[in-house]
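Chemist: Going line by line, the protein sequences match chains A and B.
Per the working numbering, residue 1 is the first one in the first sequence, and the count goes up by one each step.
Per the working numbering, residue 1 is the first one in the second sequence, and the count goes up by one each step.
Please keep in mind that the hints were generated in silico from the structure rather than gathered at the bench.
Treat the hints with caution; some may be incorrect.
[What the hints assert, rightly or not] Have a look at the derived ranges for each label pair, beta carbon to beta carbon: (1) A:Ala113 x B:Asp89: 25 to 35 Å; (2) A:Thr123 x B:Gly38: 49 to 59 Å; (3) A:Pro86 x B:Gly38: 42 to 52 Å.
[What the hints assert, rightly or not] Chain A side only, calculated, beta carbon under 7 Å to chain B, not exhaustive: (4) Asp22; (5) Asp24; (6) Asp25; (7) Asp58; (8) Ile90; (9) Glu94; (10) Leu95; (11) Gly96.
[What the hints assert, rightly or not] Non-contacting residues of chain B with respect to chain A, defined by C-beta distances greater than 10 Å in every case (computed): (12) Ala36; (13) Val37; (14) Val42; (15) Glu53; (16) Gly116; (17) Gly131.
C-beta atoms are modelled at their ideal positions from N, C-alpha and C, and glycine is treated no differently.
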Amino acid sequence: MTEDVVPVMKIGDTLLVALQGDLDDTTVIQIEEQLTREVARTGVSGMLIDVSRLSVVDSFIARVLARIVAMVRLLGAQAAVVGIQPAVAITLVELGVPMGHLDTALNAEQGLALLERLRRADTGTDRP
Amino acid sequence: MTAAGAVTDREPSVFDIVDESDLIRVRKVLRTEAEAVGLNLVDATKLITAGSELARNILNYATGHRGRVTVEQVYRQSRRGVRATFADDGPGIEDIEAALTDGFSTRGSMGLGLPGARRLVDDMTLTSAAGSGTTVVIVKWQR
Ligand SMILES: Nc1ncnc2c1ncn2[C@@H]1O[C@H](COP(=O)(O)OP(=O)(O)OP(=O)(O)O)[C@@H](O)[C@H]1O
Ligand SMILES: [Mg+2]
Chain A
1 MTEDVVPVMK
11 IGDTLLVALQ
21 GDLDDTTVIQ
31 IEEQLTREVA
41 RTGVSGMLID
51 VSRLSVVDSF
61 IARVLARIVA
71 MVRLLGAQAA
81 VVGIQPAVAI
91 TLVELGVPMG
101 HLDTALNAEQ
111 GLALLERLRR
121 ADTGTDRP
Chain B
1 MTAAGAVTDR
11 EPSVFDIVDE
21 SDLIRVRKVL
31 RTEAEAVGLN
41 LVDATKLITA
51 GSELARNILN
61 YATGHRGRVT
71 VEQVYRQSRR
81 GVRATFADDG
91 PGIEDIEAAL
101 TDGFSTRGSM
111 GLGLPGARRL
121 VDDMTLTSAA
131 GSGTTVVIVK
141 WQR
């Protein structure tokens, strides 16, 4: 099944996806599959995953988020998670989910700037 | 400290865990009760997340992927809290101390559900023995 479960917006060379609601595991996996398809299909160089409307991120959802970011990188693009709610961030740290390697930003706007820096670093134009 | 505390007159919420849609139900009921007793947002989020981990363990490890959740309001002196019990008749846990250690998993997962849940709540008691099911009780108190 290639079913779209989440709306994805394309802004220039970046895909923006906003997750919301109480996600069950099946939906989370479907989102992962959909985003993989969209990155490959559109050939964008970046993706922002907005989680500001998720009030709970348990270890399963966190794990899949990390996997999506890794997958996007594997496809040659950059990905960042934006808008993690403070209560969720505190909870994830205490739970012990390793998220430190993820690129994160406060909101979509800062996320776009972050992706821009990552792209430059990637092509080496940033290096001395 | 124990996970005890007197129960209020209110009817507890009791329901079975049979599939992953029940994880959403667990999170919803815990949120409702957390709000009812006045847990702040961070504490409510911690409680809900801990409950989500324990309910998922039932789906992953219990026989028939089944178990039962009981959520009730408790009080101690003037403090109120939420107590949630996750019980199953599954294979049980042979080495409880190991299971409560970060990184211990019998299915090659991250092994942070139990130790993480324990960090997220005020009290957690785990009762289990090989062959006789598992019961985990967590409590989060109002500040
Ligand atoms: N309800 C249960 N019945 C039987 N065994 C359990 C139960 N809950 C946990 N366990 C055992 O305890 C171990 C540790 O559980 P924990 O939730 O900490 O980690 P995990 O489920 O293996 O990984 P993660 O939760 O990070 O995905 C499990 O691997 C399993 O062997
Ligand atoms: Mg677990």
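Chemist: Are the hints correct? Go through all of them and say.
Modeler: Right, here's what the structure says about each hint:
no.	hint	in the structure
1	A:Ala113 x B:Asp89: 25 to 35 Å	violated (53 Å)
2	A:Thr123 x B:Gly38: 49 to 59 Å	holds (52 Å)
3	A:Pro86 x B:Gly38: 42 to 52 Å	violated (19 Å)
4	Asp22	holds (5 Å)
5	Asp24	holds (5 Å)
6	Asp25	holds (5 Å)
7	Asp58	holds (4 Å)
8	Ile90	holds (6 Å)
9	Glu94	holds (5 Å)
10	Leu95	holds (4 Å)
11	Gly96	holds (4 Å)
12	Ala36	holds (16 Å)
13	Val37	holds (17 Å)
14	Val42	violated (5 Å)
15	Glu53	violated (6 Å)
16	Gly116	violated (4 Å)
17	Gly131	holds (27 Å)
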